[in-house]
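Q: Single-letter residue listing:
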Amino acid sequence: MAFLDYAPAPESTSILNLRDEYRLFIGGEWVAGGGTPFASVSPSTERQIATFASADEGDVDAAVRAARTAFEQVWGPMSGRDRGKYLFRIARILQERARELAVAETVDNGKPIRETRDADVPLVAQWFFHCAGWADKLDHVGLGARPRPHGVAAQVIPWNFPLLMLAWKVAPALAAGNTVVLKPAETTPLTAMLFAEVCEQAGLPAGVVNLVTGAGETGAALVRHPGVDKVAFTGSTAVGREIAKAVAGTDKKLTLELGGKGANIVFDDAPLDQAIEGIVDGIFFNQGQVCCAGSRLLVQESVHDEVMDRLKERMATLRVGDPLDKNTDVGAINSSEQLERITRLVAQGAAEGGDVWSPACELPAEGYWFAPTVITGVEASSTVAREEIFGPVLSVLTFRTPDEAIAKANNTPYGLSAGIWSDKGSRVLAVADKLRAGVVWTNTFNKFDPASPFGGYKESGYGREGGVQGMQAYLKAGER
Amino acid sequence: MTTTTKTTTRLDVPKTYKLFIGGAFPRSESGRVTEVRDPKGAFVANVARASRKDARDAVRAARKAQAGWASATAYNRGQVLYRVAEVLEGRKAQFVDELVRTEGLKPARAQEQVEAAIDLWVWHAGWTDKIAQVGGSANPVAGPYFNISVPEPTGVVAVVAPQQQGLLGLTSVVAPALVTGNAVVVVPAASSPLVAISLSEVLATSDLPGGVVNVLTGDPAELAPWLASHADVNALDLTGAGDLDWVELEQAAAETLKRVVRPEPGLAPETPQRILALTETKTVWHTKSRL
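Going line by line, the protein sequences match chains Y and D. The UniProt record's numbering numbers the first residue of the first sequence as 1 and each following residue consecutively. The UniProt record's numbering numbers the first residue of the second sequence as 1 and each following residue consecutively.
In case anyone wonders, no lab produced these hints; they're calculated from the structure. A quick note: this is a predicted structure, and the numbers were derived from the prediction, not measured. Even glycine gets a Cβ: it sits at the ideal position worked out from N, Cα and C. Worth double-checking, as some hints may not be accurate.
On the chain Y side, residues computed to face chain D include the following (Cβ under 7 Å) [unchecked claim]:
#1 K245
#2 A347
#3 V440
Ranges between beta-carbon positions, derived for each pair [what the hints assert, rightly or not]:
#4 Y:E306 <-> D:G143: 27 to 33 Å
#5 Y:K137 <-> D:A67: 36 to 42 Å
#6 Y:K137 <-> D:A142: 18 to 24 Å
#7 Y:A430 <-> D:E115: 38 to 44 Å
#8 Y:L18 <-> D:A67: 49 to 55 Å
For lysine-lysine, the following DSS-like pairs were computed, each having C-alpha atoms within a straight-line distance of at most 27 Å [what the hints assert, rightly or not]:
#9 Y:K434 <-> D:K64
#10 D:K40 <-> D:K106
#11 D:K288 <-> Y:K434
#12 D:K106 <-> D:K64
#13 Y:K408 <-> Y:K447
#14 D:K130 <-> D:K18
#15 Y:K447 <-> Y:K312
#16 D:K92 <-> D:K40
#17 Y:K253 <-> Y:K408
#18 D:K92 <-> D:K64
#19 D:K53 <-> D:K40
#20 Y:K408 <-> Y:K312
#21 Y:K137 <-> Y:K408
#22 Y:K447 <-> Y:K434
#23 D:K40 <-> D:K18
#24 Y:K476 <-> D:K130
#25 D:K106 <-> D:K130
#26 D:K53 <-> Y:K245
#27 Y:K424 <-> D:K53
#28 Y:K424 <-> Y:K447
#29 Y:K434 <-> D:K130
#30 Y:K476 <-> Y:K245
#31 Y:K408 <-> D:K15
#32 D:K15 <-> D:K130
#33 Y:K476 <-> Y:K85
#34 Y:K137 <-> D:K40
#35 D:K288 <-> Y:K447
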């Protein structure tokens, strides 16, 4: 070990008390699934964590029925105050079990413990705490007096923030008085199972939260089920499109949080130290597997060389490796499929004339890894400037004027996030006005809060999660 | 025309009812017209019957005009919408006459509809500088950030207007889209095209920038699919599409993830939610420096 190197500082997995096999959580019971069970492997070791039941159409039907019964008999009639108290209990138990949940998430997802411990899990608890307080204040969400829940919410979530996406979906739904059937992602079902245990500890009435694990077919069966009143999906634009088609012509309400190709715009007067950190956080947080990642860096031509020099210098200090190590900055890619996709798109970026650069870093032999990568000389028409890569890959474009930056930033079918780096407040506000993106971070990036609405323009989906706007998605106006 | 030369020796000068695209009144590029007759069967007009090409031209005009309309101040947008009501009021008799001739209404009923439409324009005019306060928020996030959310127009909205009460129906879908700064391509009620084009004349003389509203008289069943599948349309308002195969339209809209307002009674009119349905919430995080 050389001077200033870090000794390994692995977080212990002894706090985990996992089962070998997890079943479906339906109507408060753990039941076997009709499909063939599947395994979840740890992306950093490729070792199996546990097996999970696969829900078939019959299981989905049972889950929707359980949710309906709970909605009609228990959760719907319950006072907002009591619903809120259950959610407060859940928030507290999540805090109590935070370390365990962080370790489990890191093991299952591959993201660094630094992130699960400091971002994912604290936000999960905060989300429940925030929504808990809404439960008895629904008259004030802006839909008039006595707004009503939709009923049964079908929720399908992605693998990039497994427990956090669960919280974004479940907390507002329950606060509004809906019951839920949630399908975790196939590669990251573990923390949802632990969440079921949290619900049990909180004494949440049976059937209020139902969890069906499985692959895409399980999700498709869930969103198509006629007993569902509300569908909420976070994931790819391609799947979002299919879901929008599937619910067309029904009475189901739909919110979609889909892909992105966020522009991170650096002006020549930006505070560069912060901007470099923001660029790094924007694209390497969670290995870039973030729908709102700042995956397109738009840097003003006059500071391009300086920004790139400093960015590369900073990237060389990123520690890639064991996600359980507390010093790790960049963990494992979630699956071999995702790794293949990233690899293919970066190769295409190179083939189309991009200059691909990564710092020298030793990647572990086992697991799925991709070194932090930056591609310069990217044209607006390049594949790597247009397609969502969903990996630790930054595409760099340049601009001369604010108008050019805005035009390039908006030149995408997506519209989820954007960043602006400049010390000039009036310019920041003017540029933020012109960006067609649902979340704009100025002199910061990748910040989330349950009080702050999140969601996209255009093909990044519709509806918002978080804040009063997020609550509205789970309610309809009372009888007029 | 209906009042030919029975009571006067003067010969009427009938109007040619054309489309309204980009602030101009072109004929349909297809050269097609639909003959309109009054309830007694007398010839009234040959109304332009818009085609796919006209629909595409209208979307292009709307896209071109949208950013400018959205960047007008809310106060300014409010005055323009109020101006629409003023001009409409001054031309009430013309609209009553057209409704009598196309919808077969008694003059008193027609007048009620025109007045309700005028009042609805006034109602919406008053919303432009308030809707952001109702639909937006200052967000108390856990960190040193100034964080606000504001509703912004979704962009270009394609609309199938209600098929009854032509003028009121058209107003009830166009006005809420305009409040926040959207541009509109609308297919008015097939049964009352005259008021749609006359309303276009009102819009054209009310300082509404050309292209912000585009009116395609014609067959909704023919035009709606092109609008539903057009990639540069952000939202599809199917309020008046209940009699069409609107499920197919919603599916076509899903291809580019358009926001969809389902057919009546989808969204209650005259509510802020009706206006906010055609908006996007933008949330901006501003860093606060540490002192």
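Q: Now look at each hint and say whether the structure bears it out.
A: Tested hints:
Against a cut-off of 7 Å between C-beta atoms, the interface hint on K245 of chain Y holds, since the closest Cβ of chain D lies about 4 Å away. Proximity of A347 of chain Y to chain D is violated relative to the hint, the smallest CB-CB distance being about 29 Å (cut-off 7 Å). Because the closest C-beta pair between V440 of chain Y and chain D is about 5 Å apart, less than 7 Å, the hint holds. Look at E306 of chain Y against G143 of chain D: about 28 Å separates their beta carbons, and that is inside 27 to 33 Å.
Judged by the Cβ atoms, the range 36 to 42 Å given for K137 of chain Y and A67 of chain D holds: they are separated by roughly 37 Å. Taking the beta carbon of each, K137 of chain Y and A142 of chain D are about 19 Å apart, inside 18 to 24 Å as hinted. For A430 of chain Y paired with E115 of chain D, a C-beta distance near 42 Å keeps the hint of 38 to 44 Å intact. With their beta carbons about 54 Å apart, L18 of chain Y and A67 of chain D fall inside the hinted range of 49 to 55 Å.
Only pairs whose Cα atoms come within 27 Å are accepted, and K434 of chain Y paired with K64 of chain D is accepted, the gap being roughly 15 Å. A distance of roughly 13 Å separates the Cα atoms of K40 of chain D and K106 of chain D; the hinted pair therefore holds under the 27 Å criterion. Straight-line distance between C-alpha atoms of K288 of chain D and K434 of chain Y comes to about 21 Å, which keeps the hinted pair within the 27 Å bound. Taken as a hint, the K106 of chain D and K64 of chain D pair is broken in the structure, with Cα atoms around 41 Å apart against an allowance of 27 Å.
A hinted pair counts as satisfied when its Cα atoms are at most 27 Å apart, and K408 of chain Y with K447 of chain Y qualifies at roughly 23 Å. Note on K130 of chain D and K18 of chain D: the hinted pairing is violated, with a Cα-Cα distance of about 35 Å set against a maximum of 27 Å. Between the alpha carbons of K447 of chain Y and K312 of chain Y the distance comes to roughly 23 Å, so the proposed pair stays at or under 27 Å and holds. The hinted pair formed by K92 of chain D and K40 of chain D meets the criterion: a straight-line CA distance of about 23 Å does not exceed 27 Å.
Restraint check for K253 of chain Y and K408 of chain Y: the C-alpha separation of about 33 Å exceeds 27 Å, so the hint is violated. Of the supplied pair hints, the one linking K92 of chain D and K64 of chain D is violated, its CA atoms being roughly 31 Å apart against a limit of 27 Å. For the hint pairing K53 of chain D with K40 of chain D, the CA-to-CA distance comes to about 34 Å; that exceeds 27 Å, so the pair is violated. At most 27 Å may separate the alpha-carbon atoms for a hinted pair to count; K408 of chain Y and K312 of chain Y meet this at roughly 23 Å.
With a C-alpha separation of about 42 Å, the suggested pairing of K137 of chain Y with K408 of chain Y is violated against the 27 Å cut-off. Taken as a hint, the K447 of chain Y and K434 of chain Y pair is honoured in the structure, with Cα atoms around 20 Å apart against an allowance of 27 Å. The straight-line distance between the Cα atoms of K40 of chain D and K18 of chain D is roughly 23 Å, inside the 27 Å bound, and the hint therefore holds. Note on K476 of chain Y and K130 of chain D: the hinted pairing holds, with a Cα-Cα distance of about 22 Å set against a maximum of 27 Å.
Annotation: proposed proximity of K106 of chain D to K130 of chain D is violated, straight-line Cα distance about 37 Å (limit 27 Å). Between K53 of chain D and K245 of chain Y the CA atoms are separated by roughly 26 Å; this keeps the pair inside 27 Å, and the hint holds. The suggested pairing of K424 of chain Y with K53 of chain D is violated, with an alpha-carbon distance near 45 Å, which exceeds 27 Å. Pair hint K424 of chain Y plus K447 of chain Y holds up; C-alpha atoms about 21 Å apart against a cutoff of 27 Å.
For a cut-off of 27 Å, the pair hint linking K434 of chain Y to K130 of chain D stands: about 21 Å separates their Cα positions. Restraint check for K476 of chain Y and K245 of chain Y: satisfied, since their Cα atoms lie roughly 22 Å apart, inside the 27 Å limit. Between K408 of chain Y and K15 of chain D the alpha-carbon distance is near 46 Å, which puts this suggested pair outside the 27 Å criterion. For the hint pairing K15 of chain D with K130 of chain D, the CA-to-CA distance comes to about 39 Å; that exceeds 27 Å, so the pair is violated.
As the CA atoms of K476 of chain Y and K85 of chain Y are separated by approximately 22 Å, the hinted pair is consistent with the 27 Å bound. Proximity of K137 of chain Y to K40 of chain D is assessed by CA-CA distance (about 58 Å); at most 27 Å being required, the pair is judged violated. Between K288 of chain D and K447 of chain Y the CA atoms are separated by roughly 14 Å; this keeps the pair inside 27 Å, and the hint holds.
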